[in-house]
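As you go down the protein sequences, you meet chains U and Y in turn.
When we follow our numbering, the leftmost residue of the first sequence carries the number 185, and every step to the right adds one.
When we follow our numbering, the leftmost residue of the second sequence carries the number 208, and every step to the right adds one.
A couple of the hints might just be wrong.
[To be verified] What follows is a list of derived Cβ distance ranges for each label pair: (1) U:194 x Y:269: 35 to 45 Å; (2) U:272 x Y:211: 31 to 41 Å; (3) Y:251 x U:317: 17 to 27 Å; (4) Y:221 x U:227: 15 to 25 Å; (5) U:196 x Y:243: 40 to 50 Å; (6) U:367 x Y:227: 33 to 43 Å; (7) U:223 x Y:269: 39 to 49 Å; (8) U:215 x Y:231: 46 to 56 Å; (9) Y:238 x U:364: 22 to 32 Å; (10) Y:226 x U:246: 43 to 53 Å; (11) U:353 x Y:238: 22 to 32 Å; (12) U:358 x Y:227: 18 to 28 Å; (13) Y:269 x U:211: 21 to 31 Å.
[As the list claims (entries may be wrong)] Computed footprint of chain U on chain Y; a stretch qualifies when at least three of its residues, placed anywhere within it, have a C-beta under 8 Å from a C-beta of chain U: (14) 260-270; (15) 281-287.
None of these hints come from the bench; they were simulated from the model.
Don't be surprised by glycine CBs; every beta carbon is placed ideally from N, CA and C.
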Amino acid sequence: MRVKLAERLSEVSDVVEELKEASDNVGAICVFLGVVRATSAGERVLKLEYEAHPALAEEVLLKLLEEARERHGIIDGVIEHKVGTAHVGETVMCVAVASEHRKEGFRALAELVDRVKHEAPIWKKEVLESGARWVEGEPGEQEPLIRLRGVLEATVNREVSARELIEALGLKADEVLVMKDCRVLQPHEGLRKGDLVKIVPVALLTSAGG
Amino acid sequence: MKVVVRFFARFREELGANQVELSLADGATLTDILNCLFKGDPPGHLLIAINGQLVGGADLSRIRLKDGDVVDVMPPASGG
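Kindly generate the complete structure, drawing on both the sequences and the hints.
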């Protein structure tokens, strides 16, 4: 497992070779590259500026990889992210995972990319023709679809992580807890078909005195 | 007690400072700091760390701060 925050990312071919060498059992390597688009909300992008928390960002990225290994059984993984100035067409993020089979690789990759964007203390400032602005979440992401007012009991019908379950319900991850067998699940923890869960609003716990 | 609050990205630019030192009453929590900084209306999805450890939303009002703590107040993540 390796992470890197740098002004210059490694060549993708080097990352792939590195992952191939992780084990003789590697049968699939999945790679995601994030690239700077020329437009944002219809405006021309001049450049992006990336800032990261100097110590925490790499620690969080490494934790995400470790959790992907536990959750999906991948063999190895690499996350590299740009810091500093990036121009249109430049690669700013590389997430790559090595696994025995493609299925767990695809799943781990999709989850990792999502978690890097939402959990790693890295921030992006867009410099547009009309001026500069810090980007904070995708449009429409701030308000949840619904706000849960009581405890919801449910049976899970397919394999899903606690975080995916919360998102699928249109809830905010920091406003509810997912509980199974009287234990609060971490966002990355998985649920299986038939699991009985309770989805509890954090506000309900607070107002009840914990 | 005194704690150092560090700011990142948009917060640093808007406040025009990398960090401030706050004098707080004993037993103060992270929620007290956020209410102080954001006039009682802290934005959602903040990232908060104490002494280099990220803390979840449910812990903000539970964790009591200690003299010398370093609190990082960070905007929502927007990498990628």
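Status of the hints after comparison with the structure:
1. U:194 x Y:269: 35 to 45 Å: Since the Cβ atoms of residue 194 (chain U) and residue 269 (chain Y) sit about 41 Å apart, the hinted range of 35 to 45 Å holds.
2. U:272 x Y:211: 31 to 41 Å: 38 Å, holds
3. Y:251 x U:317: 17 to 27 Å: The hint (17 to 27 Å, Cβ to Cβ) holds, given that residue 251 (chain Y) and residue 317 (chain U) are roughly 18 Å apart.
4. Y:221 x U:227: 15 to 25 Å: Holds - the Cβ-Cβ distance for residue 221 (chain Y) and residue 227 (chain U), about 22 Å, lies within 15 to 25 Å.
5. U:196 x Y:243: 40 to 50 Å: Distance hint for residue 196 (chain U), residue 243 (chain Y) holds at roughly 46 Å.
6. U:367 x Y:227: 33 to 43 Å: Cβ of residue 367 (chain U) to Cβ of residue 227 (chain Y): about 39 Å, so the range 33 to 43 Å holds.
7. U:223 x Y:269: 39 to 49 Å: 44 Å, holds
8. U:215 x Y:231: 46 to 56 Å: Holds - the Cβ-Cβ distance for residue 215 (chain U) and residue 231 (chain Y), about 47 Å, lies within 46 to 56 Å.
9. Y:238 x U:364: 22 to 32 Å: 28 Å, holds
10. Y:226 x U:246: 43 to 53 Å: 26 Å, violated
11. U:353 x Y:238: 22 to 32 Å: 26 Å, holds
12. U:358 x Y:227: 18 to 28 Å: Distance hint for residue 358 (chain U), residue 227 (chain Y) holds at roughly 25 Å.
13. Y:269 x U:211: 21 to 31 Å: 45 Å, violated
14. 260-270: holds (count 5)
15. 281-287: holds (count 7)
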